[in-house]
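Note that the protein sequences, when read in sequence, are chains Y and H.
Final position of the first sequence in numbering that gives the first Met the number 0 is 407; the numbers increase by one with none missing.
Final position of the second sequence in numbering that gives the first Met the number 0 is 407; the numbers increase by one with none missing.
Hints listed in this document are in silico derivations from the structure and should not be mistaken for laboratory results.
None of these values were measured; they are calculated from a predicted model.
Any given hint could turn out to be false.
To be verified - Covered by chain H, according to a simulated footprint, are these stretches of chain Y (three or more residues, beta-carbon under 8 Å):
id, region
1, 52–59
2, 66–80
3, 93–106
Beta carbons: idealized from backbone N, C-alpha and C, even for Gly.
2 protein chains.
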Amino acid sequence: MALIVQKFGGTSVGTTDRIRNVAERIKRVRDDGNQVVAVVSAMAGTTDRLIAMANEFGAPPPDRELDVLLATGEQQSIALLAMALNAIGVPAASVTGRQAGIRTTGSHTRGRILDIDPAHMRAMLGAGRSLVVAGFQGVAPDGVIHTLGRGGSDLTAIAVAAALKADVCQILTDVDGVYSCDPRVVPNARKLPEICYDEMLEMASSGSKVMQSRSVEFAKKYGVVFEVRSSLNDNPGTIVLEEHPTMENVVIRGVSIERSQARVTITGIPDEPGMSGLILGTLAAAEINLDMIVSNIAHDGQARHSFTMHSNDLGRAQAALKPVLAELGEDARVETEAGIAKLSAVGIGMRTHSGVAATMFKALGEAGINIGMISTSEIKIAVTVDETRIEDAARAVHNAFKLDQLPN
Amino acid sequence: MALIVQKFGGTSVGTTDRIRNVAERIKRVRDDGNQVVAVVSAMAGTTDRLIAMANEFGAPPPDRELDVLLATGEQQSIALLAMALNAIGVPAASVTGRQAGIRTTGSHTRGRILDIDPAHMRAMLGAGRSLVVAGFQGVAPDGVIHTLGRGGSDLTAIAVAAALKADVCQILTDVDGVYSCDPRVVPNARKLPEICYDEMLEMASSGSKVMQSRSVEFAKKYGVVFEVRSSLNDNPGTIVLEEHPTMENVVIRGVSIERSQARVTITGIPDEPGMSGLILGTLAAAEINLDMIVSNIAHDGQARHSFTMHSNDLGRAQAALKPVLAELGEDARVETEAGIAKLSAVGIGMRTHSGVAATMFKALGEAGINIGMISTSEIKIAVTVDETRIEDAARAVHNAFKLDQLPN
Numbered sequence: 000m001a002l003i004v005q006k007f008g009g010t011s012v013g014t015t016d017r018i019r020n021v022a023e024r025i026k027r028v029r030d031d032g033n034q035v036v037a038v039v040s041a042m043a044g045t046t047d048r049l050i051a052m053a054n055e056f057g058a059p060p061p062d063r064e065l066d067v068l069l070a071t072g073e074q075q076s077i078a079l080l081a082m083a084l085n086a087i088g089v090p091a092a093s094v095t096g097r098q099a100g101i102r103t104t105g106s107h108t109r110g111r112i113l114d115i116d117p118a119h120m121r122a123m124l125g126a127g128r129s130l131v132v133a134g135f136q137g138v139a140p141d142g143v144i145h146t147l148g149r150g151g152s153d154l155t156a157i158a159v160a161a162a163l164k165a166d167v168c169q170i171l172t173d174v175d176g177v178y179s180c181d182p183r184v185v186p187n188a189r190k191l192p193e194i195c196y197d198e199m200l201e202m203a204s205s206g207s208k209v210m211q212s213r214s215v216e217f218a219k220k221y222g223v224v225f226e227v228r229s230s231l232n233d234n235p236g237t238i239v240l241e242e243h244p245t246m247e248n249v250v251i252r253g254v255s256i257e258r259s260q261a262r263v264t265i266t267g268i269p270d271e272p273g274m275s276g277l278i279l280g281t282l283a284a285a286e287i288n289l290d291m292i293v294s295n296i297a298h299d300g301q302a303r304h305s306f307t308m309h310s311n312d313l314g315r316a317q318a319a320l321k322p323v324l325a326e327l328g329e330d331a332r333v334e335t336e337a338g339i340a341k342l343s344a345v346g347i348g349m350r351t352h353s354g355v356a357a358t359m360f361k362a363l364g365e366a367g368i369n370i371g372m373i374s375t376s377e378i379k380i381a382v383t384v385d386e387t388r389i390e391d392a393a394r395a396v397h398n399a400f401k402l403d404q405l406p407n
Numbered sequence: 000m001a002l003i004v005q006k007f008g009g010t011s012v013g014t015t016d017r018i019r020n021v022a023e024r025i026k027r028v029r030d031d032g033n034q035v036v037a038v039v040s041a042m043a044g045t046t047d048r049l050i051a052m053a054n055e056f057g058a059p060p061p062d063r064e065l066d067v068l069l070a071t072g073e074q075q076s077i078a079l080l081a082m083a084l085n086a087i088g089v090p091a092a093s094v095t096g097r098q099a100g101i102r103t104t105g106s107h108t109r110g111r112i113l114d115i116d117p118a119h120m121r122a123m124l125g126a127g128r129s130l131v132v133a134g135f136q137g138v139a140p141d142g143v144i145h146t147l148g149r150g151g152s153d154l155t156a157i158a159v160a161a162a163l164k165a166d167v168c169q170i171l172t173d174v175d176g177v178y179s180c181d182p183r184v185v186p187n188a189r190k191l192p193e194i195c196y197d198e199m200l201e202m203a204s205s206g207s208k209v210m211q212s213r214s215v216e217f218a219k220k221y222g223v224v225f226e227v228r229s230s231l232n233d234n235p236g237t238i239v240l241e242e243h244p245t246m247e248n249v250v251i252r253g254v255s256i257e258r259s260q261a262r263v264t265i266t267g268i269p270d271e272p273g274m275s276g277l278i279l280g281t282l283a284a285a286e287i288n289l290d291m292i293v294s295n296i297a298h299d300g301q302a303r304h305s306f307t308m309h310s311n312d313l314g315r316a317q318a319a320l321k322p323v324l325a326e327l328g329e330d331a332r333v334e335t336e337a338g339i340a341k342l343s344a345v346g347i348g349m350r351t352h353s354g355v356a357a358t359m360f361k362a363l364g365e366a367g368i369n370i371g372m373i374s375t376s377e378i379k380i381a382v383t384v385d386e387t388r389i390e391d392a393a394r395a396v397h398n399a400f401k402l403d404q405l406p407n
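Given these sequences and hints, build the entire structure.
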C-alpha cells in the first residue's frame with residue numbers, strides 16, 4: 000500500500016462539479032489500494048474575491064488580517080472535498096494547516112514552512128481515512144495564521160509528502176507535465192519524462208511557470224520526488240528528481256521563454272568600488288526584481304551595467320535611479336529598452352558537453368535573430384532578443400538541439 | 000476605562016459598507032475611553048450559501064466537515080472588521096474561536112461552550128488593541144472545530160464577557176430592545192428598561208425571538224448582565240439581569256405570541272403506567288419539539304394527552320404516532336388541529352400577586368376569544384387561541400395589564 004500525496008489547484012476545485020471529479024479521481028487511486036492525502040487550493044476566484052473585499056476599506060489591509068481572511072478559501076475547499084469524498088463512500092477528513100501541524104516562520108502573506116509535525120495526520124491515516132489538507136497556510140509559533148504566498152499549495156504538498164515520507168507526490172495541474180518548450184510556441188515540443196531539480200529550477204526562473212522555484216527548492220532540499228501531471232487525464236507526467244548520471248547524456252533538457260522584459264543600461268559609471276552596490280541596492284529598496292545582470296568595463300575605463308526586469312517595473316526603476324545618477328557623476332546616463340524577451344536553454348548536460356553556446360548562437364544567427372544580452376550559469380544559457388522574434392528564436396534553438404526527438 | 004463586549008449579528012456586518020459602520024461605532028465607544036471586544040457573526044447570506052454548496056454532493060454532509068466549512072463565515076467577517084477598524088485608526092486584531100480559547104464539548108454543529116481561556120485575549124487587550132472575536136465557533140479538546148448552532152454568536156458574546164469579566168455586554172441587533180409585546184401587533188407596546196433572566200427565558204421560549212434560550216441561560220448561570228439594543232441607533236435598550244426585589248412589583252412584564260402552532264390530541268389512552276413515556280418517547284425520537292403538554296383523565300377512566308408543536312412538524316408527528324396507536328389499544332385515536340397560536344403572559348410578579356389568570360381569561364372572554372389549551376409555570380400563563388384571533392388576544396391582554404404604562 001503506497002501513500003500518495005496529490006495536490007489539486009484552484010481550477011481543479013473551482014466548482015462543486017469539479018470537486019466531485021477530484022473526489023472520483025481520489026477514489027480510483029484509493030480503490031487501487033493506496034492511501035491518499037490530497038492538498039488543495041482555494042476554489043478559483045475565491046482569493047481574488049476576498050482580496051477585493053479587503054481593499055474596500057480605504058487603507059491597505061494589515062497583512063495579519065489578510066492571512067486570516069485568505070486562509071478561509073482553502074478551509075472551504077477542504078471541507079467541500081471531504082464532503083464529496085464521503086458522499087461517494089470514501090471516509091475522508093479535512094485538515095487545516097494548523098491541524099496538519101504546519102508551523103511557519105517569516106512574515107504574513109509570505110510565510111515559510113518551518114517544519115511539519117505529522118502526528119495528527121498519521122493518526123487520522125491510521126484510522127483508515129483519506130485526508131484533505133489545506134494548502135497555502137500554516138500557523139506561526141505564537142498561534143497566528145500565516146499564508147505562504149504564491150505557489151503556496153505546491154509547497155504544502157511537497158512539505159506534507161516529506162513529513163509523511165510519502166511514496167509518491169503528484170502536482171496535478173492544467174498542463175500535462177514539463178515540456179521541452181511551450182507547445183503553443185513550438186508545436187513539436189516533447190513532454191519530458193523526467194527532469195532534475197536544478198533544471199526545473201532554471202526552467203521555473205526562466206518563465207516556465209509550471210511551479211514556483213521555492214517549491215522545487217524545498218523538494219530538492221528534502222529529496223522529495225514529485226510528478227507534475229494533468230488533473231484532466233491519467234497520462235503520466237514529468238517526474239522531478241535528483242539528477243542521476245544518465246541525465247547528463249542530454250545536453251539541453253528544454254528551452255524556456257519569458258516575454259515582456261525590459262532592459263536598463265547605465266553607462267558612464269566611474270570604475271570605483273561601491274558603485275554597483277549603490278545601483279543594485281537602490282533597485283532592491285524599490286522592490287524591483289532584477290533578472291539578468293551584466294556588467295563590464297568600456298574602453299574609456301568607465302563601467303556599464305545592464306539589467307533586465309519585467310517591463311511593468313521599468314517606470315519605477317527609472318524613477319528610483321534618477322537621484323542615484325547625480326551621485327554617479329556627470330558622465331552617468333540611463334538607457335532603457337522595452338519590448339525584449341528572454342530565451343533560456345537549460346540542461347545539466349552542458350556541464351560535460353562543449354560547444355553548446357556556439358550551437359545556440361549559430362542557430363539564432365541563421366534565423367536572422369540579433370542577440371542582446373547574454374548570461375550563463377553552469378546549466379543555463381540565456382539571451383535576450385527582440386520580443387517580436389522570441390517565437391522564431393525558440394523554434395530555432397529547439398530544432399538545433401533536436402529537442403523534438405527522444406534522446407539517445 | 001470600561002471593558003465593553005459588543006455583539007454584532009450577520010445583518011450588521013452583511014456588506015463592507017455595514018462593516019465600516021460597525022467599525023465607526025466601535026471607534027466612538029473606544030474614543031470615550033473604553034476597551035472594546037466585538038463578537039461578530041458571518042456576513043448575512045454567507046452561511047446559507049455555504050450550506051447550499053455542502054448539499055450539492057448528493058449525500059448529507061458530515062457534521063464535522065460542515066463545521067469546518069461554516070466556521071469560515073465568521074473567520075471572514077472578523078478579518079474584514081479588523082481591517083475596517085485599522086483603516087480608521089483603531090488598532091484591532093481578529094481572534095478566531097480557537098485563538099479566543101473557546102473550548103467546546105457536545106456534538107458537531109451543536110457544540111456547547113465548556114470554558115474559555117482568556118489569556119490570549121487579555122494579552123492582546125493589554126497591548127492596547129481592540130479585538131474582533133469570531134462568534135459561533137470553538138474548538139473541541141481534540142482540536143476539531145465546533146460550531147455552536149443557532150444563536151451561537153450571542154452565546155459567544157456572553158461567554159467572552161464572562162471570561163473577561165467585562166463591565167458591559169451589549170447584544171446589538173435589529174430591534175431596539177425587548178418590548179412588552181411585539182410592536183407590530185400591539186402599537187402601544189413599551190420598550191422594557193429591564194427584564195430578569197427568568198422572564199427573558201420565558202419570553203424567548205414563547206416566541207419572542209430576540210435571543211435563543213441557551214444564551215440567556217448561560218448569562219444567568221454566570222451572572223452576566225447584558226443589554227439588548229439596536230445596532231442602528233444609540234438608544235438605550237433593555238438590560239437583562241438577575242431579578243431584584245422591586246421587579247416583583249410588576250405583575251406581568253410582557254406578552255409574547257407564537258403563531259403557526261398545531262395541536263395533537265390522543266384520546267382513549269389506557270390509564271396504565273408507561274403510556275405517556277411511549278408517546279413522548281416516540282415524538283422525541285422523531286425529533287419533534289413539543290411545546291405545551293397537557294394531559295388528564297377523562298370521566299371514562301381513559302387518559303388524553305394534548306401537545307402543541309410547530310405546524311411544520313404536524314405531518315411528521317402523525318406519521319410517527321401511527322404505529323404507536325396500535326400499541327395503545329383499540330380505543331386510541333389521534334385528533335389534530337392546525338391554525339392555532341399561543342399567547343404567553345410572563346412576569347415574576349405573578350408569584351406574589353393572585354388573580355393574574357382570572358384577569359387574563361376575563362380580558363380574553365370580553366374580547367370574544369375562545370381559549371384552547373392552558374399551561375402555566377410559576378412565572379407564565381400560556382393559552383392557545385385560534386390563529387386568526389391572536390393579535391386581538393395580545394392587545395386585550397396587554398391592555399388588561401396596562402403594559403403600555405410605566406409601572407408604579
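Verification of the supplied hints:
no.	hint	in the structure
1	52–59	holds (count 6)
2	66–80	holds (count 9)
3	93–106	holds (count 4)
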